[in-house]
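In the order they appear, the protein sequences are chains A, B, C and D.
Sequential numbering from 1 applies to the first sequence in full-length UniProt numbering.
Sequential numbering from 1 applies to the second sequence in full-length UniProt numbering.
Sequential numbering from 1 applies to the third sequence in full-length UniProt numbering.
Sequential numbering from 1 applies to the fourth sequence in full-length UniProt numbering.
Incorrect hints may have been included.
Given that identical chains are not distinguished, each listed pair holds provided it fits within a single copy or across any two copies.
Claimed, not checked - With a cut-off of at most 25 Å between alpha-carbon atoms, the simulated DMTMM-like pairs for lysine to aspartate or glutamate come out as follows:
1) K228 / D146
2) K228 / E143
3) K228 / E289
4) K228 / E250
5) K253 / D279
6) K330 / D146
7) K253 / D286
8) K331 / E212
9) K185 / E337
10) K134 / D146
11) K185 / D146
12) K228 / D256
13) K228 / D244
14) K228 / D279
15) K40 / D64
16) K228 / D286
17) K40 / E289
18) K66 / D114
19) K30 / E289
20) K228 / D245
21) K134 / D256
22) K40 / D163
23) K30 / E63
24) K253 / E143
25) K228 / D163
Since the hints were made in silico from the structure, they are not lab data.
This structure is a prediction, so every number in the text was calculated from the model and none was measured.
What follows is the residue order along each chain.
Number of protein chains: 4
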Amino acid sequence: MESNVNIGVIGYGYWGPNLVRSFSEISGAKVRTVSDFNPKLLARVQARYPAIQVTTDCQDIFEDPKIDAVAIATPVSTHFDLALAALKAGKHVMVEKPMTVTSEQALRLIDEADRRNRVLLVDHTFVYTGAVRKMHELVSSGELGDILYYDSVRVNLGLFQHDINVLWDLAVHDLSIMSYILQSKPCAVSATGISHVPGGLENIAYLTLFFENNLIAHVHVNWLAPVKVRRTLIGGSQKMIVFDDLEPSEKIKVYDRGITINGDAESVYRMLVGYRTGDMWAPQLDMTEALRTEGLHFLRCIEHGERPITGGDAGLQVVKILEAATESMKKQGQLVELDTVEVAA
Amino acid sequence: MESNVNIGVIGYGYWGPNLVRSFSEISGAKVRTVSDFNPKLLARVQARYPAIQVTTDCQDIFEDPKIDAVAIATPVSTHFDLALAALKAGKHVMVEKPMTVTSEQALRLIDEADRRNRVLLVDHTFVYTGAVRKMHELVSSGELGDILYYDSVRVNLGLFQHDINVLWDLAVHDLSIMSYILQSKPCAVSATGISHVPGGLENIAYLTLFFENNLIAHVHVNWLAPVKVRRTLIGGSQKMIVFDDLEPSEKIKVYDRGITINGDAESVYRMLVGYRTGDMWAPQLDMTEALRTEGLHFLRCIEHGERPITGGDAGLQVVKILEAATESMKKQGQLVELDTVEVAA
Amino acid sequence: MESNVNIGVIGYGYWGPNLVRSFSEISGAKVRTVSDFNPKLLARVQARYPAIQVTTDCQDIFEDPKIDAVAIATPVSTHFDLALAALKAGKHVMVEKPMTVTSEQALRLIDEADRRNRVLLVDHTFVYTGAVRKMHELVSSGELGDILYYDSVRVNLGLFQHDINVLWDLAVHDLSIMSYILQSKPCAVSATGISHVPGGLENIAYLTLFFENNLIAHVHVNWLAPVKVRRTLIGGSQKMIVFDDLEPSEKIKVYDRGITINGDAESVYRMLVGYRTGDMWAPQLDMTEALRTEGLHFLRCIEHGERPITGGDAGLQVVKILEAATESMKKQGQLVELDTVEVAA
Amino acid sequence: MESNVNIGVIGYGYWGPNLVRSFSEISGAKVRTVSDFNPKLLARVQARYPAIQVTTDCQDIFEDPKIDAVAIATPVSTHFDLALAALKAGKHVMVEKPMTVTSEQALRLIDEADRRNRVLLVDHTFVYTGAVRKMHELVSSGELGDILYYDSVRVNLGLFQHDINVLWDLAVHDLSIMSYILQSKPCAVSATGISHVPGGLENIAYLTLFFENNLIAHVHVNWLAPVKVRRTLIGGSQKMIVFDDLEPSEKIKVYDRGITINGDAESVYRMLVGYRTGDMWAPQLDMTEALRTEGLHFLRCIEHGERPITGGDAGLQVVKILEAATESMKKQGQLVELDTVEVAA
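Hey, can you work out the whole structure from these sequences and the hints?
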C-alpha cells in the first residue's frame, strides 16, 4: 500500500507497548509518535523503536498534521478529554476500554465522531479473538438455538486498581463480549460486591443482567482468588458452549446437550423435561493475535469509512451497564433498570 | 455393643437406599423396617435385604416399640409431618435436607425434640466428608486468617425438580457447609435467578450472602449447565482454599497467597496493597464415606445424649436463608434481611 | 427367555463379586453356585444372595449337571487346571485375564473347547466398554487412516502382585485392547523393566511392539507412580485419538491432526512434511457397564454357538506377547520374535 | 560493572533471537555482533537492535579482538567446527545442545577449552529453570530418599527435523535434566523407535537407561502426537515428584507417597509391601527466565574462572547417551553399554 496510516499512541504503561508493537507489525500502519508523562517509559520506546518520535506532551500528537489516528491507552478517567481533543483535531480514535467514566461522556464522543465523520473504535480486544468470533458465529447461525444464559467466572489474584472497581476492570471484558455476541440488550441489573481494603473499591463483585426474553446473564469477578479462572458458559436451547480461555488450544467446546420441554396433556401444572446428551466438539480457532485483527479492522474502517464492530455504541452500552451495576452494588443488589433507548445507528 | 439401635427408614427413592446400605454396614445399628408408598421399591428392599421388614404404611414404623430411631428420606414437603409424628412417638430422628419447607416448621421440630429429649439430626451429608471436616479444621485453627469470602459454583445438567427450585436443591449443600465452617452468620441476602421451563421453578440462581464483618459469600447453582462443576473458593487473609469435589484425590488445596494492606503515611486516601504468593499444599483427607461417619455420629448422640453437629439449629439456619433467598429472587435481587435471633442452645 | 443359563462362579476375591453381581442383574442368567477356598468370603455371598449355593470345593460346580457355564476368577496360575476341568465337564467357560501362564496352556484350552464345542471366553473386560468399542469403530471404518502407532501409559500406586509382574497385571489391558482394535499382529517385542522389591517381580516395565507394516506400539506400566494415569494415544495418518479413561465423560477425543508427506521433485533426499490441525470431537459413548455387555455377549454365544469376540485366540495372543515380553525384559530389551502362525479359526 | 563481556552470536534462526534478546537485557553483557548466512535474518537484527553489528561471515566474529565470548545457535552438524574455531580464537563459548554430533568431537572441544582455559558452556537451558533447580534441590537434600526411577513423556505435533532424529531433538532435554539431577550415570541403554516418513529419521522413540544401582530411567518422545504432554515422574523411596511443565504455576508437585518393604520373618520368599499415602505439596518456584539465569552464570564463570554447571562434561555425557541410544534403536532395542570412564574434572 502506497500510503500508511500514521498513528500517535498516548500512554506507554501496561497496554501501550502492545499497541505500538502490534501497529508496528501491520503493513499499512506506522506508529509516528508515542507520548507519555513518564520519560523513563519513553526511553524504552526509543531503545526499541529508534524511528518513533516521543514526547511528554500529547498536544504534539494532536497538532501533528501527519498523524491520522490516535490510540489512547491511559487511565480511564482521562479517556474522555483525550479522545475529545483527538476528534476535534480531526483524528480517528481508538480508545481503551472502558470507553469513559460516564455514559454522558460516551454519548458526547459518539456525537463528536459522527459530526466529524471520524472513526471511533473502542478497544474491546476480546471481540477480535478467534474464540469470541467463533462464538458469535455459532450464536448468529442459530446452531445453539435460543440463548438461555451467559455465565462467566473471571477471577485471579489480580492487581488492585486504585481508580476503578473490579467490575470496571474485569467485568468489562464480559460485557464487551456479550454486547457482540448476544442479539438482545439487558434491561436491568442487580449487583453485589465487597471491598476488603479499608476505604477501597470493590475487589469482588457479582453481576446479574436481566433481559426481556428468556435470557439471564451473570458475571463473577474477583481480584483476590488464589487461582486463575476464565470460564464462560453459554446455554442454548439446542447446544451449549464452554469457553475456557486458559486452555491452550481447545478454548471453545460445543456440547450437544440440553433439555426438551413438552407440555403434559393430562395436567397444565406439570411440564415434562427430557434430557439430551450427545457429542462434544471443539472447533479449530483462528489463532491470529486479536490486536492484529483489530488493528487491521481499524485501518479498514478508516480507509473505507466503515463503522467499527466495536464502535462508540458498543462502548456506550458497556459503560451504561457498569454505571448501573455500580449503583446496584452500592444498594446491595437492588434492581437498577437500564433505559433501552438506542443510539441511532 | 450389646444392644443395637433399631432404625426405621421412611422413603426408598433416591437417597433411602444409601441410608439402608450405610446403616446395614454399621455395627450397633440395625435397619428393622423400611416404608415407602411404592410396592415396587419395597420389593427391591426384600430382594436385597431379606431380613428387613417392609411396609407401605409408615405408621407401622411409628407404632413399633422396638424402633428407636427414624430416618426420613422423602420429598421435602413431607418432612415436617413425618418428623413430628416420629418425635411424638418417642423416636430419634434423622431427616433429609432441607429440613423443612418453612422456618416455622423447623422451629416446631426443634422444640418438640428438645421437650422430648430426642436427637434431631439433619442430614447435611457434606459436613461429614473428610474434605469439609478438613476445611473446618483449617478455618477453626486460624490458619487461613480472617475469612474474607466463600464462593461456590455448583452446576451441572441436573434433574429438574418439580417441588423445589435449584436453590433448595443445590445451594442447600453450600449453606450447610457454610453453617458448619464459618463462625459468623449471614445477616442479609440478595438472590437472582430464572426459570427456563414455563411456569416452572428457577433452574439457575445466584445467591449473595452478606455478613456483619468483612465477609461475603456467593453461591452459583444451575441445573442446565453442559459440564459439571463443584468448586468452592474460601479466601482468608493468610491463606486460601480451593475445594474441588470432582478431583479424585486432591480435593482440598491450600494456597499461601493473599494480599497485605498497609496504611500509607503520606496519604489517607491511598492504601498500599502487596501481594504474597507461596507454596500450595494438598492435605491428605480421611476417605471414610460421609454417611458412615454421620451414622456413627447419630448413634453416639443417641447413646450419650449429645447434640448433633448438624442438629435442628443448623437445619433451621439453612431453611431461613433459603426462604429469604427465594423471596429476594422473586424481587430480582432486592435485599432481604435475616433476623439473627438465635435459637437457645 | 424361558430357560436361564445357570452359572457357577469360582473365586470370590477381588473380581468374583463383580461377576456375581453382574450376572445376577442379567435376565437369562442365574448364578447357581459360588465356590471359594475361604469360608469368610462365602459367608458374604450368603448374606447378600441367600438364594445362591456356596461351596469350598469347586468340584461341586463341575459335577452339577444343572450348571451350564463356569466363570473363573482365581489367581492366574490356577486358570488352566480349572478351565480344563470345566470344559471336560462340558461347561462353557469365561476365564479371567491373563488367560493362562503359558501359551501352551492357552492352546490346549482352545483345542479342548473346540473339540467339545463349548464357548471359551476370556474376560478382556475393556473390550466391552463403550470407549474401546468406539475406538474399534473409528479404526475399522478407516476414519483414522492408516494406523501409525498405539501408545499407552497405565501407571498408579498399585497393589504389588506376588505371582505376576506388572506386565501381566497392567499391560494385559492394553494388549487385549490392541488385539481387538488393530488389524495386524505384532511380530516382535522389546521390553525393559525393573524390580524395586528385592527378589520381587518387575514393578515398572516398558514394552515396545513391532509390527510388519508402518506401525509401532508401546505400553508403559508402573505400580509405583504417585499419580494415576490411564492415557492411550492412537495415531492415524488421517486422525488421532486420545483415550483418557480417567475423564468422567469425554474419554475419547478424536483430533483432526497429522502430517502430510509429499515427495520433493528436486531432491530424493528431502521429504516435505506438512502439518494439519483441525477440529477435535468427543463422541458420546455407550455408558453400559462393560461386564453387563460382556455377560450378554457370553449368553448369546452360548445360545447361538457364536465365537466370542474375546475368545481363546485373543487370550492366546495376549499370553504369547506377555511371554515374549517377559523374556525380552530379562535380557534388557533384546528383541524377541513372535511366531505369527495363526490358530485356525 | 565497568567492563562488559562482549558477545558474538552465530546463528539467528530459531534460538538465536532469544540469546540476543536475553544477553541484551543482562547488564554486564553486550551483544556486539550477530552473524548468519541469511541477510534477511540480519535485517531483522538491524531493525530491532541498531547498535549491533551484523555479518554473513562468522570469521568476523572470531577475528574481532573486542569479542570475549561466542554463543553458537546453528544446526548441530556445525557446532564442532564453529566452537573449535571460537576456542582457538581465544573466545569463551556457549554452544547449543546437543553439544556435537559425536562424543569424539565433544571430547576434543573439552580438551581445547581446558588447554586454553576458556569457559565452555553447553546450553542445557532446562537446567536453569526454577522447576529443575527445585528438583535438584529436593533430590540432593535427600528428601526424596533413594531415587528409584526417572520417567518422562515429551510428545507433541512437532516440527519434523531433517538432520536429527526425535531423540536428539527432544530426549536431549531429559538427558540434560537427568545429568544435572541424578547423582549416578547410566551404564547401558535400550531404545526403540520408528520413522513414519519414508527414508526419514525416527519421529517416535522410547529410551530406557539402566543404572548400576536400583534406578531406571525412561524417556518417551514423539513428533506425531495430537496433544502436547511434558510430564516427568521421579520416584524416590521416601517421596515422589510429578513435574508437569505445561502447568502455568504448579509445575512441581511433591507427593508423600510410596511403599515400605519389610522382610518377612516367616518366609524368605515373601516381602511385605506396605503403602504410604500422604500430603501433596507444590513449592513455589523461582520464575526468573532460564536464559537470564544461564547468561548470568556464563558471565560469572568467565569472570571468576568457574566451571559451568552445564559444562563440556555434561554436554559429552548427553551426546554419548544419544549415540548409544541411536545405535540401540537401529538394533530394535538391543542393549548398548556406555563406558563410564569419566572426564577428569
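How the hints compare with the structure:
1. K228 / D146: Between copies, since 22 Å is at most 25 Å while 30 Å is not.
2. K228 / E143: between (30 Å within a copy, 22 Å between copies)
3. K228 / E289: both (21 Å within a copy, 21 Å between copies)
4. K228 / E250: both (17 Å within a copy, 12 Å between copies)
5. K253 / D279: both (10 Å within a copy, 10 Å between copies)
6. K330 / D146: For K330 and D146, only the inter-copy Cα distance (24 Å) is at most 25 Å; the intra-copy one is 33 Å.
7. K253 / D286: both (15 Å within a copy, 20 Å between copies)
8. K331 / E212: both (23 Å within a copy, 16 Å between copies)
9. K185 / E337: Close inside one copy (12 Å), not across copies (31 Å); limit 25 Å.
10. K134 / D146: So K134 and D146 pass the 25 Å test inside one copy only (17 Å; across, 32 Å).
11. K185 / D146: within (14 Å within a copy, 40 Å between copies)
12. K228 / D256: between (27 Å within a copy, 15 Å between copies)
13. K228 / D244: both (11 Å within a copy, 14 Å between copies)
14. K228 / D279: Answer is between; shortest inter-copy Cα gap is 16 Å, intra-copy 28 Å.
15. K40 / D64: within (23 Å within a copy, 34 Å between copies)
16. K228 / D286: both (24 Å within a copy, 19 Å between copies)
17. K40 / E289: between (28 Å within a copy, 23 Å between copies)
18. K66 / D114: For K66 and D114, only the intra-copy Cα distance (22 Å) is at most 25 Å; the inter-copy one is 60 Å.
19. K30 / E289: The answer is within: 18 Å in one copy meets 25 Å, while 31 Å across copies does not.
20. K228 / D245: both (10 Å within a copy, 17 Å between copies)
21. K134 / D256: both (16 Å within a copy, 18 Å between copies)
22. K40 / D163: within (23 Å within a copy, 46 Å between copies)
23. K30 / E63: within (17 Å within a copy, 39 Å between copies)
24. K253 / E143: both (13 Å within a copy, 22 Å between copies)
25. K228 / D163: within (22 Å within a copy, 37 Å between copies)
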